[in-house]
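K.L.:
Guided by the hints, dock chain B onto chain A, whose structure is given.
From first to last, the protein sequence lines are chains A and B. Okay, so the first sequence: first residue is 1 according to the UniProt record's numbering, each after it adds one. Okay, so the second sequence: first residue is 1 according to the UniProt record's numbering, each after it adds one.
Please keep in mind that the hints were generated in silico from the structure rather than gathered at the bench. One or more of the hints may lead you astray.
Only pairs whose alpha carbons sit at most 27 Å apart, straight line, appear in this in silico BS3-like list of lysine-lysine [unchecked claim]:
| id | chain 1 | residue 1 | chain 2 | residue 2 |
| --- | --- | --- | --- | --- |
| 1 | A | Lys75 | B | Lys159 |
| 2 | B | Lys264 | A | Lys33 |
| 3 | B | Lys264 | B | Lys252 |
| 4 | B | Lys154 | A | Lys148 |
| 5 | A | Lys33 | B | Lys159 |
If you anchor each label on the Cβ, the simulated ranges turn out as follows [claimed, not checked]:
| id | chain 1 | residue 1 | chain 2 | residue 2 | range |
| --- | --- | --- | --- | --- | --- |
| 6 | A | Ala108 | B | Arg387 | 31 to 39 Å |
| 7 | B | His55 | A | Thr140 | 44 to 52 Å |
| 8 | B | His55 | A | Arg99 | 43 to 51 Å |
| 9 | B | Lys116 | A | Tyr164 | 22 to 30 Å |
Even for Gly, the Cβ is constructed at its ideal location relative to N, Cα and C.
Residues per chain are reported as follows:
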Amino acid sequence: MLENHAKLMHFFDSCDEVVGRKRLQKMVYIMKKCGIRFEERYEFHFYGPYSEELTLRIEEMCNLGFLSEAMEEKKNYYQYRYQLTEAGADFLSHAEIDRPVLDNYIDAMNGKSSRFLELVSTMLFFEHLPKEEIEEKVYTVKSKQNYKQEEVEEAWTFIEEMRYVS
Amino acid sequence: MTYRDEKLEEEKVFKDPVHRYIHVRDRVIWDLIGTREFQRLRRVKQLGTTYLTFHGAEHSRFSHSLGVYEIIRRILENFHDRDNWNEEERLLCLCAALLHDLGHGPFSHSFEKVFKLDHEDYTQAILLGDTEVNRVLSQVEPGFPKKVADVINKTYSDKLVISLISSQIDADRMDYLQRDAYFTGVSYGHFDMERILRVMRPMEDQVVIKESGMHAVEDYIMSRYQMYWQIYFHPVTRSAEVILSKILHRAKELYEDGYKFELKPLHFLSFFEEAPSLEEYLGLDENVVMYYFQMWMREKDPVLSDLCERFVNRRLFKYIEFNPNLQMKEWRELYDLFEEADINPRYYLEVDSSSDLPYDFYRPGEEGERLPIHLLQPNGALKELSRLSEIVESISGKKRTDHKLYFPADELERMPEDSETKRRILGILYGKEEQ
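In isolation and in its complexed conformation, chain A is listed as follows (with noise of 0.2 Å):
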């Protein structure tokens, strides 16, 4: 029963905290492209890589208690904060499911902006292009972010290290 919701427990249970709609659906997809099997369906959307699969799972997990989510008035939009519940750890205990060691892709993760994870999320949707249409993918879709030749390199070096992650 609900499996693919406990997958995403056992995430929120290897974090403290995921701050950010934006950031969370990034990090579940840059998990993915990484091999650890979210069964959510990612489309690419204004923002880069995107899941509405996920989001609505997130909110049947607050609904259901197993997740809390608290939210955040900025200047222009609102921010919102997720943490498993105690029934979500209870709930994820008896689940039968694989739990991958999920904390290294975590914690290389937890020290990047969401502009950044936007980026690298951005470049794993192409990935099946060479990588200088890659590239050229990044600048093209996402024009408005000016991203620097630097942050693409850094990009770059950040997918090369969250391979070789276990």
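P.N.:
Showing chain B alone in chain A's frame:
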């Protein structure tokens, strides 16, 4: 005259129950409609298993695709002389609108989940591969198929073009809400599309709505909200979808176990391997699937034959509301009791969640999450819809999730009256123990 600009000698029209007429004047569009890959969409239903709940819902992805094309055609007529609109993008938009669902397979939602496929990948493959569609698009210019693929993949450089085909108020949604309402026969789903089209304005990187059109948009959001609960999330349709998924899982499991099918499932073999080629993918439409289901009703495997019989003859699972948090213990008990009763719980007991369905509500969202609907104010500023509309604000904050437990009530009824297992199962499901 180049192929890109070629017009038919006279305008062709398709009679359409939703938009009255679909108008085609461009040679490219006419040729695309005639390709085998586009004609295949006639054999894929727009609403999958919904016809088992609303018998009228037999309309196809073919008619929906024509509808989306027609809406875009009308929007672009309005955009013709407006700022921010580049008329050079017209044909690209029309092609992307017409072809946006090209990769959908039979009962695509369940198929994709079970066989780990993504129709978006097949849309790309059809547009860029050795296909009739690709040959038509390539005649426009060699890079044109890639441009259409990028628009549909939402990775095209001009975000305004993308937002016409795919955003929270796009031609896709405006067609399917009205078309699905028409064919299911419900009274929700109707809104004043003509008004919305009149107040749509192209901006640099998105379509926005003039503030004076807010009430028409409110109506659209309300229609969307009601259609989700009344049609798309309908529990009986979800029951059919659960059974469909179970059939596919069972057939795949039997194949992996080396089971000898009475009728070799040739069309499914590459799906069982989770790697169908484009040709194999295109060869499996809903007519073919229903043929196999009919044949599998005669298979020796009792689970496969029973599930197929249920699907074909609409002997669906019953359901109860279920809270996976509060009823975790009951779930485990039920699972064990089903095994005790020799009813395989992996195929006959399922919790289905609203997130398992491919539909979404309007969401204002957090910054950087998903582009909301923006209203264009008289001073030129943009404001997110729910900040100006109390109606939208009120339904945006509502709880929108639910979970149901599905089970074969008829099978349970057939258990001996004096069975202790039966008594305990019914006790958990219905909250009272059978006398």
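K.L.:
So if I understand the rule, the pair passes when the alpha-carbon distance is 27 Å or less; does Lys154 of chain B with Lys148 of chain A pass?
P.N.:
Status holds; Cα separation ~23 Å.
K.L.:
When you take the CB atoms of Ala108 of chain A and Arg387 of chain B, is the distance between them in 31 to 39 Å?
P.N.:
With a Cβ separation near 37 Å, Ala108 of chain A and Arg387 of chain B satisfy 31 to 39 Å, so the hint holds.
K.L.:
Just tell me: holds or violated, for the beta carbon distance of His55 of chain B and Thr140 of chain A against 44 to 52 Å?
P.N.:
Hint holds: Cβ distance 47 Å, inside 44 to 52 Å.
K.L.:
When you check the alpha-carbon spacing of Lys33 of chain A and Lys159 of chain B, does it fall within 27 Å?
P.N.:
holds, 25 Å
K.L.:
Against the range 43 to 51 Å, how does the distance between the Cβ atoms of His55 of chain B and Arg99 of chain A compare: consistent or not?
P.N.:
Holds - the Cβ-Cβ distance for His55 of chain B and Arg99 of chain A, about 46 Å, lies within 43 to 51 Å.
K.L.:
Given the proposed pairing of Lys264 of chain B with Lys33 of chain A, does the C-alpha separation stay at or below 27 Å?
P.N.:
Judged against 27 Å, a Cα distance of about 36 Å means the pair is violated.
K.L.:
Are the Cα positions of Lys264 of chain B and Lys252 of chain B separated by 27 Å at most?
P.N.:
Roughly 12 Å separates the two Cα atoms, so the pair holds.
K.L.:
Holds or violated: are the alpha carbons of Lys75 of chain A and Lys159 of chain B at most 27 Å from each other?
P.N.:
holds, 25 Å
K.L.:
Is the hinted range of 22 to 30 Å satisfied by the C-beta distance from Lys116 of chain B to Tyr164 of chain A?
P.N.:
Distance hint for Lys116 of chain B, Tyr164 of chain A holds at roughly 25 Å.
Violated hint for the displayed structure: number 2, the only one.
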